[in-house]
Every structure is written in structure tokens, then in C-alpha cells.
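There are 2 protein chains.
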Amino acid sequence: MTSHKQIGVFLYDVNMLLLSRLFTKTSKESAADAGSINADLLTRAGFIHKTMAGVYSFLPLGLKVLRKIETIIREEMDALGAHELLLSALSPKEVWEQTGRWEGFDALFKVPAHSSSSQATKNEYGLNPTHEEVVTPLVKHFVQSHKDLPFGCYQIQTKFRNEPRAKSGLLRGREFGMKDLYSFHTDQTSLDQYYERVAEAYRQIFKRLELADAMYYTTATGGTFSPFSHEFQVLLPQGEDTIYVNEEAEKKGNRIAVNKEIYKGEKGFREEHAAEAANIFKLGTRFSDPFKLQFANQKGELHPILMGCYGMGTTRLLGICAEFFADTSGLIWPASIAPFQYHIIPIARSPEDDTFQKALAIAKKKKDCIVDDRLDLSVGQRLADADLMGLPTRIVISPKTLEKNSMEVKDRRTVTLTMQPL
Amino acid sequence: MTSHKQIGVFLYDVNMLLLSRLFTKTSKESAADAGSINADLLTRAGFIHKTMAGVYSFLPLGLKVLRKIETIIREEMDALGAHELLLSALSPKEVWEQTGRWEGFDALFKVPAHSSSSQATKNEYGLNPTHEEVVTPLVKHFVQSHKDLPFGCYQIQTKFRNEPRAKSGLLRGREFGMKDLYSFHTDQTSLDQYYERVAEAYRQIFKRLELADAMYYTTATGGTFSPFSHEFQVLLPQGEDTIYVNEEAEKKGNRIAVNKEIYKGEKGFREEHAAEAANIFKLGTRFSDPFKLQFANQKGELHPILMGCYGMGTTRLLGICAEFFADTSGLIWPASIAPFQYHIIPIARSPEDDTFQKALAIAKKKKDCIVDDRLDLSVGQRLADADLMGLPTRIVISPKTLEKNSMEVKDRRTVTLTMQPL
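So the sequences go chain by chain: A and B.
Take the first sequence: its letters are residues 1 to 422, numbered as in the numbering used here.
Take the second sequence: its letters are residues 1 to 422, numbered as in the numbering used here.
Here chain A stands alone, though its shape is the one from the complex (with noise of 0.2 Å):
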């Protein structure tokens, strides 16, 4: 016990994780969200926790791959030169009521408020699943020039849906996070250059998180109000979208699709399933117009200001990674995202042992590690939980490889299992 706390600075010090102190546990058990392969495998590794239904919470190790995936979006935003603020999860029933959309989006939680007394009707708030309501009043407050545009503002933020029916783990939630961009523009062609701009920091993203050879651009409707939007799909076999491949750009490297709803039965097209990880959209006046979001041009005369917004879903890409990456014996995180790189196992009966005080010595050189000191659980099991929990190497020290000056690596990808000198 003295020694565990005595090393327990460690996880500070050079980024080590004993497993023995993380309250989370592996399960046998199944997810409570029977046929979602993301829930059921994070939920048996330990990373997340089902509080209801499509509403999760995040454990340390989830936490820590969530947090990965926001700070490599979060780059890719700030190298486009966008500004990161962080918008309120609650608001008005005004601003819904000036785009129509109170009445008008179906998933909008509605939250009661404590009334006041001088008002005859029930206040009532806005709980946001999408922040075009928040943005555009708050940007109007400090853009009027046409010299203050273009630009682009983005937040990393918790959004909230009122799903009828909430399954497929963190892929379909009434609670999820997102990082969302919105773009502001003079004309035309500076909204157009930004939405090539944003697509090509998506692919980046998405390359980043290795999933760019699944990943399809995928031409969706643009609602009443632009011929089209775009969807960035990665072909999941669950995914709760059915996307049309174009075969013969694919020959030639251009991985692009159409959504079902827009497919018209042209040939040349293979269809997939696939879960959508990010979609972009021209705006246009949508929003500035009900808001009268305005710019003065050089003349000094007033025109609405063109809009974009560019959503991509962070706690969705966790589960999509999940279940993409996965095998039968469990998660596999690519290294970009990986709670840690090294999972450490010692064979050893007390933590005196030679193999334990290796393992530490490995890890406290490496960093980044896992160390499962748990010598109270059969080898097994622990080996078990290192190919569930899937960090991107296993490190094995037994007395035997010890004999050899070596320790077993495996690669949990390729599952190789090589010697290699301590």
C-alpha cells in the first residue's frame, strides 16, 4: 500500500495511470443499450456510464479520448484563424420565436422557468441544440463594418436534443457535444472560399483521427433555403445513414457520396451504411435576415451579412471511433486519441517483485502509461482487460521475459506479439 501511494505522484509526474487506483472497472456484462456496439463496448471497458437513455457521462479514461479529439479539432478551428468563445446552453424564447423555430424544430427542449410575477404567461427557455439563435444576435452586437468581415467563431460545447426514441449509443444522444463553427461574410464567393476552407480542415481532422480512407463527402439536402449541404460520413455497418458511393470518382481517390434523400437512382452508385460525424452549410440570409444581422459596404449602405455554419460532433466521433476500430476482444484507439499509449502489465505476486519494479521503471521512462498493478486478478483477466480497454501497445514483463532482459509488446491493431529488449 505505502509503495502505491508513494508511486501514485507519478500519474502527474510522467503521465502513468496505476489501475489499481481508478475507481472504473471493466464488466462482463453487457450495455444496457442492447444492439449499439460503441455503448456496449465503452460501457464494458469503462469509459463511459449510461445515466438514461441517450444521456451519458464520461469516466476518466473516456474523458481523456474526448479530450483528444476536442484539442485536434480544436487546432484545426484556431489554424483557420477562428476564434473559440463559448456560447449558453440556455436561451430565449425570443430569439427562437424571431426565426420561427420555437414552434418549428421538434427536438428543442423547452425548460420552464420560475415566472415573474408581472407576466401573465409561463416564461419559458430554450435548452440549445444548435446555437444559430445565440451566435447571431451576440455577433451583431459587434460587427457592422464590412472591414470586420470575413471571420469565423467556434465553440466546443454540450448541445441538447429532445429525442423521441434515443438508441445507438453516442451516436444518437438527448445529450452530446459538439464543436460548432459559424462563419460571417460580405458575399457569395468569401462564404464559398470559407466552406472549401472548413471542408479541407474537416479531412484534416478526420485524417488526424485515421479515419480519412472511410470517410465520404456526401452531398445532402440544404433544407428550404440552399440547394445543398454536406455531410462527412464514415461507413460504420450500424450507422443510421444509407449514403450512395460515386464508384468512379472513388477509382480515381475521391471518396464522395449522396445522402439517400437526395439519391435518384443514378448508376455507378454502391450503397453503404454510415454514421454522419460533421455536416456544413451555407447558411446564406437564413438567420441575419430575421435578426437583421447587416454590414455597411464601402458606401456606407447596408446589406445582410452571409452566414456558414460548420458542425462537427465530438462525443458522436468518440463513439464512431469506438465501434469503426473495433474487434471481438474489444476497443482499439488509434494513437492521435488514446487515453494512453502504453498498456503496462507486470507478472508479479507482490509489488516488490522484480517484474513490478520493471514495469514502473518502463513506465516512468516511456510515460503515457498504463500500469496494471491489480496482482490481485488472474493474468488472464488482465490481459483481457488490456485487449477491451485497447491502448495502442501492451507491454508484458514475466519472469520469464525478465530471464531474457526483454519484455513481450504487442500491437493491439495488427495484434503482433514481438520480444524486445528492456
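Some clues are possibly wrong.
No copy labels: a pair is met if it fits in one copy or bridges any two.
Keeping only pairs whose Cα atoms sit at most 20 Å apart, straight-line, the calculated DMTMM-like set for lysine to aspartate or glutamate is [stated by the list, open to error]:
1. K366 to D289
2. K251 to D213
3. K358 to E271
4. K110 to E163
5. K25 to D148
6. K28 to E103
7. K64 to E75
8. K299 to D376
9. K110 to D354
10. K404 to D78
11. K367 to D411
12. K68 to E84
13. K400 to D353
14. K25 to E84
FYI, nobody ran anything at the bench for these hints, they're computed from the structure.
With chain A fixed as given, assemble chain B onto it according to the hints.
Frame of chain A, contents of chain B only:
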């Protein structure tokens, strides 16, 4: 324009912000929250924007301060060995009914949900103002043995309260950021020891925020299940709380007080106005009892787990710091949470001027700078904005200072001006 775009990347490389690129602006208008010093200053300086009463959005500069406050808190929580997680914002009605707080907690937002067709009654969710009802069942899922105890877990998250009258800016909101830590124990001694360790970690946080000298460890009511709780009260003329400072203890360097709610007119106390920045609470079995959160001792006998909870307002601390450190010219940030360290103002007519180029060179060297490149504004306006925004150090580069190969350096807090070599 070209030179601006070229140097735009400095924003990420050397943490430099060109003020012309920031879409938010300072404002001379007093904020809508008449009477709240923090909301007024933070709004005028372009750090926050009011969405509605008691609900604010954090603009780029405000978000930077908030993230720095969160990082300080996170580091001290991690140093305690507590595990960070992220609990859900929504919760099922049932968990609140189990603790008797669905009806008993006035400020709980109750969110109507889509009702499934099989249910006669309308479905409702809680929008969490605090998380005992979420964390206790979660921990019960993982912790059964005395070997798992003690431990602590915390989150930094948005909370919601259905306040009848939201006022005081960030000091009392309907939506606010909070760090909440929960601890779990086999016995009272363990809880008592952990409580003291958290109090010490909190003192360290106030020290890093430079609020230690204004903070009083204040005894307050413990509700129906604990004799006392403790609040970390910061002296503020407009603070909502009244505390009685123990003057005898104060002479010995021990800043302790009692809250008005338990003050019985004892002598040797001085009345002060203060704002509660944090509170800690021994919950005992208040929440483990209704959820039957128990542990098996070494004999296998089941006993209720004892709990502590430890809150600290992140957005409230931002408001307190804004209000506490301000002077008549504006905000004054402690270096530990300032959005940037240096506010550099070149007195120039064009970006080609020596003063402008020198300002950029200094920014590149010093890093962590705002450069006010808004050459179309008057010098007076730009100097006033620097005071209002409150970075620790202002640097002015003018043709006159350049003649002497020097720069004018102003310490924002002491308002001292010095000439320093370039």
C-alpha cells in the same frame, strides 16, 4: 492587409493576438446589468456577452481567463489524486425522487421530454444544479469493497439553477461553470482527513488566484445532516453574503469567519460583505442511504459509504476576480489568469512604420501578447482599452521611445510607468 495575414499565424505560433482580428470589441456603454460591477466591466471589456438575465456567453478573451481558472483548479484536484470525469447535465426524474429533491430542490429546472406512447404521465428530466443524484448511482455501479476506498472524483461542468431573480452578473446565474468534487469513505476519520486536504487544496487555488489575503474560511450551516459546512468567502463590497470575521484569529494570521446565518451576536467579530467562491460539505450518508451505496468491510459486512462534496464556482471566480481587482479604469488581471501577459501598442500610421514592426518583433520575442494594430483608432482610445482589458503589462512603442531605443512599460496594477531598453 497582406502583412496582417502573414503575421496572422503568429496567433498560434507565439500566442499573439492582433486586436484588429478580434471580432469582439470594447464598449463605452454600461452593461445591461446595472449594479453588477463584474458584469459591467467584463461586458465593456468584451470578455462576456449577456444572452439573457443570469445567462452569459464567454467571448474569446473571457474564455481564455475561464480556461486558466479551470486549469489551476484542475491541477490542484489532480494533485489530490482525484479523477476527473464528466457527468451528464440531464438526469432522470427517478434519481431526484429517490433523494426527495424532485420537489424539495426549488432551483431544479424540470425539463419536459417527449413521452413514450406507453406512458400515461408526461416524462420529465432534471437539468442538474448539482450532481449527487448522478454521481452516487454511478459510483455504486463500480465500488463495492473497502479496498476501493477512499477516493475522489471531480468534474468541471456547466450547471443550471432556476433562479427567480438572477442578478450580480457572474456571481449568481441561471447557468454557470462549476468544479464539483465528491469523495467516498469507509469512516468518519477518513472523510475528516480528506475534507482537510481539500480545504488545503482550495487555499492553494486562492493563493494562485492572488485572492488568499481576501479569502475567509467561513463556517456556515450544514443543513439537516451535518453540524457545519465551510465556505470560502472573498471580501467584496457588493458580495451577496454577510460574514463575521474573527478579529482575534485574524491578528494571528488566521482568516476565519462565520456566515451571518449562524452568527449569534458573539463579540470580537467584524461584519463584512463577501462573495462565496466555494463551499465544502460533509454529506455523511445523506445520499448513500437513498441509493444504498454501501461497501463490504474486511469481514464482508455491508456499511453505508460516507461522502463529502466540494464545490467551486469557475465562472463565479472569474466574476469575483474581475470585481475584486478592478480600478476605475477597468479590469486588472493577476498574471496567473490574464488572457495574455502583454498588451503592446505601437504608435504608428501604417504597418510599415518602424514602431509597428518593432512591436511585432517584441511580441514575437516575449510571446503571450496582444498587439493593438488598430491604427485607425486614436491613441487615447487604444490606451484606454488597454486599461479596460487589464493585461498585467502594457508596452507602448512610439517614435519617441524608439529614438531612445526603448519602450514605455506600464504595470497595470501599480500604475507605474518605466522606460526600458528594447
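Hint check results:
no. : hint         : verdict
1   : K366 to D289 : neither (56 Å within a copy, 44 Å between copies)
2   : K251 to D213 : within (13 Å within a copy, 69 Å between copies)
3   : K358 to E271 : neither (52 Å within a copy, 59 Å between copies)
4   : K110 to E163 : both (13 Å within a copy, 16 Å between copies)
5   : K25 to D148  : between (51 Å within a copy, 11 Å between copies)
6   : K28 to E103  : neither (44 Å within a copy, 37 Å between copies)
7   : K64 to E75   : both (17 Å within a copy, 15 Å between copies)
8   : K299 to D376 : between (78 Å within a copy, 18 Å between copies)
9   : K110 to D354 : neither (60 Å within a copy, 57 Å between copies)
10  : K404 to D78  : neither (49 Å within a copy, 38 Å between copies)
11  : K367 to D411 : within (17 Å within a copy, 40 Å between copies)
12  : K68 to E84   : both (17 Å within a copy, 14 Å between copies)
13  : K400 to D353 : within (13 Å within a copy, 71 Å between copies)
14  : K25 to E84   : between (35 Å within a copy, 15 Å between copies)
Consistency note: the structure conflicts with the earlier hints numbered 1, 3, 6, 9 and 10.
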